[in-house]
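**Student:** Dock chain one against chain two, each of which comes alone in its own frame, and use the hints as you go.
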Amino acid sequence: MSNEKLLLIAYIFIPDLENDESLKKAFWINFQTLWNDFDHGTQARLKMLVKVIYLLSYLFNFKSFHALSTKSKYRYVDRLFQFPVGKFVAGINGLRSLCMISYYNIDAIQKEINYTIANG
Amino acid sequence: MNRDYDIIVIGSGVGGGTFVDYLTKVDRGLKILILEAGPHFDRFYFNQKEIDMTKHYINRGAVLSDNLEIGVAAAKMVGGSSAVYTGVSFRTPDGVLKKWKEEHGIDLFTKEYVENSFDEIEKDISIHELPESWDNKNNQLFKEGAQALGLNVKRLKINTENCLQQGFCNLGCTSGAKKGTLEVQIPRVMNRGVELISNAHVSHLEEGKVFFELKDAPKGAKENQYSSGKYELTAKKIVIAAGVLNTPAILLRSKKPLGLKNDSIGRYLTLHPAINLNAIYKDEVLGFKGFPKTVYVDDYSDSDHFYLETSFYYPGITSKNIPGYGTLHQEFMKDYSKMMSILILIHDQAERNNRIAIDKNGNTKVIYQLNPKAKKNLVKAIKVASEIFFKAGCVRASVPGSIKNPLSKKDADAIDQYIQEKHLNFNLTPMSSAHPQGGARMGINSEKAVCDLYGKVYGTKSIYVCDASLFPSSVKVNPYQTIMLFAKKIAEQMLKEF
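Protein sequence lines correspond, in order, to chains A and B.
Taking my numbering, the leading residue of the first sequence gets -18, the next gets one more, and so forth.
Taking my numbering, the leading residue of the second sequence gets 2, the next gets one more, and so forth.
FYI, nobody ran anything at the bench for these hints, they're computed from the structure.
As the structure is a prediction and not an experimental result, all values here were calculated from the model.
By construction, the Cβ of each residue, glycine as well, lies at the ideal position given by its N, Cα and C atoms.
Honestly, I wouldn't trust all of these hints.
Okay, derived cross-link-like pairs now, DSS-like style, lysine-lysine, Cα gap no bigger than 27 Å in a straight line [to be verified]:
(1) A:92 - B:283
(2) B:32 - B:223
(3) A:92 - B:335
(4) B:361 - A:68
(5) A:68 - B:366
(6) B:231 - B:366
(7) A:92 - B:56
(8) B:405 - A:52
(9) A:68 - B:376
(10) A:92 - B:290
(11) B:144 - B:405
Derived list of chain B stretches under chain A, where covered just means 3 residues or more per stretch with a C-beta under 8 Å from a C-beta of chain A [what the hints assert, rightly or not]:
(12) 46 to 54
(13) 97 to 105
(14) 166 to 175
(15) 309 to 319
(16) 325 to 332
Next up, chain B with everything else stripped away, as it sits in the complex (with noise of 0.2 Å):
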């Protein structure tokens, strides 16, 4: 491989691949290397199998808190997390832009440019409505749950082209619909010239510096062009991509090298946790056929920052989701083709001692507590999301925070003498989350975030960050097109100095 790069982006997900994409739509002659720690698969190598798949997953889906009470879901593989999302897409909220611009100084995004930016994007990787006609059963009951209880069903977004709605979203898609940067950006900047090195662990920066080692491909994978072992290249520019699991980690472990002093890295890191609830309907639904998700509720977004979205997942998850063990637990579980299944998201505030961190060994840590006004909103999620599951049909259902699991029909009047805060026990029933955020936080103070408006870390001069380790507060939404909205400003700035 070349030792020398103008540019080497760490990481190839929707940060890094957006990022590349964008410094490649003209061809300026740059010599560009993608970095990628996970392994190089095609959509040929997903097989739908729930162990096989999630073995994909860092940790397999869980990098536990300290603490023990929340699951970080990432993946590791070209692509990043885009290739297993579910590609449901959010413009980034107004007001979210707004409170970035007012208190930390991010005026990066004019309307015009935020609008015309997504309309691009959305053509691009074709973020569109589903038609109700995908609607399967249970999105269908979500709907009815939700509307008899008076709120607002709205539709969600997806990135697919040509989805054969086989419900696999999450496992990797085997037809190449979902257009994650796996199908669309990463094919297309190789095309143009670009390097892309798989199996590619980083293990810490100097100035304008990448060390890594290579490590072999595994059963599967293409397979590497060179052999594995240590390496270190050199570049004018070194763009961290990582997944928030990994790009504060990387700048943790660079400190001494870099000569940083900043505290703030690492910190002020939200997880938009997710807990995944369950209920037996009259009749089958068959949860996991079909598009998985198709709608939401954000009626309590302002008032209790949390939006309830579908959701279905695999038999293993599943079981695991459900509270409980023993004879209930079984009855509940062979029910699983009458599953109704909500997905409760919660925005959560950013606070400066949630953060990631490293060991001794230099591996990330994920230090996060739960704010207690976001756990009572997350009880008010859970009660409301069992109301949806009666006034829908369902005739059981298997929730964290209640005191009897499950409840039934008859106990729908009475919920709020069920769920109760001081049942919700996350040692028991863990938080998961897929949205991690924050780390590497964008800002105009140098001494409170960690790089600048053009992504480049405070005090260095070749290393930049361009993933959602920028976000100084939790976007509340899915935070994948906000995360190209960045990717392109930062590439777009980048050219200006080649």
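Same shape as in the complex, but just chain A (with noise of 0.2 Å):
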């Protein structure tokens, strides 16, 4: 999957990932980590989901995703988690997930919420 695609995405998800480049190559680390475990089947439906997230933008839009300003961009996420198709709704919470659980593993980020191991 397109780290870039990926990416775009995820800063509507969480905007702090945005403007932070050590931010961005944790969160795509542990991002690949946890794509590395997913079967064939499920990165295929995922790479399929974020094309078609890119595609539609072109429908709804009339733009690609790329082009979209921050707002247009929220706005059309929106939309997407209303979908009339349940599994396709699930399928981006799925992503959205994915990159929560990417971004709150990150060390900064959990030092930041005051999160520690025992161990550690």
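**Tutor:** Right, dumping it as structure tokens:
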């Protein structure tokens, strides 16, 4: 999956990710760790989901997802979460979950939220 | 390895581990092998890091149902889910045993047998109430909030010994304090001469035969004794204790070779669906420190079919459990150290169409739809949990099924307006399950049940089941002790045949 394409979506889920290169790097390492554990079927479905998100942007916004303003991206993703196809919404929510798990397992973020492991 | 055993047990979790423990209390010279699909780690492997450790759950803790509305968590390692559960232990409710006897003919468990067995089990694996001095702030707030609503807060029983109150139970216990089969029964039976092969994936069975593939041990796990590859072993008896996600699947893959015609295999699955809710308290709570769960409320168990327990999860899991995204979600997560957390557990009904199935490759599929009545009960539970949050002094709560998120304290009096069934969308806020049950139900009717009262699969001579797949309906509480009760009985019965 393209790093850049996924990140553009991840910035909507986690705005703080956008302007910090070290966070992006750490996020991507965590995301890849999770990604590598998925079977081929799951990886294929997630890749397709990201493609569909970009494709639907042309349909709904007459623009590529890249070209949307931040505000428009938010509006568009909000709309996707209200799509009348349950499995599609579940897929986007799954992508959201992966992004969240990847982000909140970054050491710097865990430090920021005062989380420590007992054996650390 | 020996190619011919007296008994091969598939699975080393609470069912398989307990079964073999009771089987070998007296040395009968039986040749017993345990095959475990997962790796064999010891406590020194566990590192309390969420991304590292959650890979040892099947599909990272989210085996999703077909409709993507619920994710089932089960571990895949020696010890099974007993290596990663919090240790909550309940005796089987009397009402459940009575129902199983009246509706399914399961008359194995006299009152005396049950009490004596649980007394013995609880002593063996140190099941006890934790002292009130161990209630961390999250548990204290739950007590305060629930008591302010007039609810009766009870203490959970936990199976630990010399617990260091680290709070990372669900990622593997680094001190060995959790007395699951990884720490108790498996080492004990191995000392008695039982053989254990880990990384062994059973494909299917024939009468008296097990077919499996031995895969490489992952880094950090105990090495395999044998070369990777496919094997076929024989045994007089084969006991499947692979957990609800796998036991029915093994039977379904073996349907043809075993000549099974039973249409109930996989059916009547219950998942004890759960939802985790989080709120922000005015001060630090640090819910991830100390023992995560010490109290619960069962006031609504009979009327509305749910329990409320304390819970606390790590940042990744917590963040995905909190609905929404963007700035509001981030702001909420920034107060992670002030979070209070509650877990709702729903008693779901055993319905024929909820089942474990297999796909064209023989892999497990979970087909499950929450009953509309259970959904109403879940909405009620969310409202009660929200009230507990605000009574405890929380200032914001993020809950599924609410038109507004997060709710603030001033919304507490209008919870009914905000939290409604029509706003609860499981595609947005999926449920979770850590207590799957059913799929190979025990009963006296060979057409409706899968296993007889000995745990033997109807229509077979040598195949048995010994895990929560046997439960004909939900046990309504953590199934751990009930699985041990069944395992003890099935072992005692089987010994009479040798």
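**Student:** Against this structure, judge whether each hint is valid.
**Tutor:** Each hint, compared with the structure:
1. A:92 - B:283: Distance ~20 Å between residue 92 (chain A) and residue 283 (chain B) Cα, so the pair holds.
2. B:32 - B:223: Holds, because 22 Å separates the two Cα atoms, which is no more than 27 Å.
3. A:92 - B:335: holds (11 Å)
4. B:361 - A:68: holds (21 Å)
5. A:68 - B:366: holds (16 Å)
6. B:231 - B:366: Given that 27 Å is the threshold and the Cα spacing comes to 24 Å, the pair holds.
7. A:92 - B:56: Holds, at about 23 Å.
8. B:405 - A:52: With a Cα-Cα distance of about 20 Å, the restraint between residue 405 (chain B) and residue 52 (chain A) holds, given a limit of 27 Å.
9. A:68 - B:376: With Cα atoms ~19 Å apart, residue 68 (chain A) and residue 376 (chain B) stay inside 27 Å; holds.
10. A:92 - B:290: holds (15 Å)
11. B:144 - B:405: holds (26 Å)
12. 46 to 54: Coverage by chain A holds here, the residue count being 5 at a Cβ distance below 8 Å.
13. 97 to 105: Our answer is that it is violated, as 0 residues pass the Cβ test (under 8 Å) against chain A, missing three.
14. 166 to 175: holds (count 4)
15. 309 to 319: holds (count 5)
16. 325 to 332: holds (count 5)
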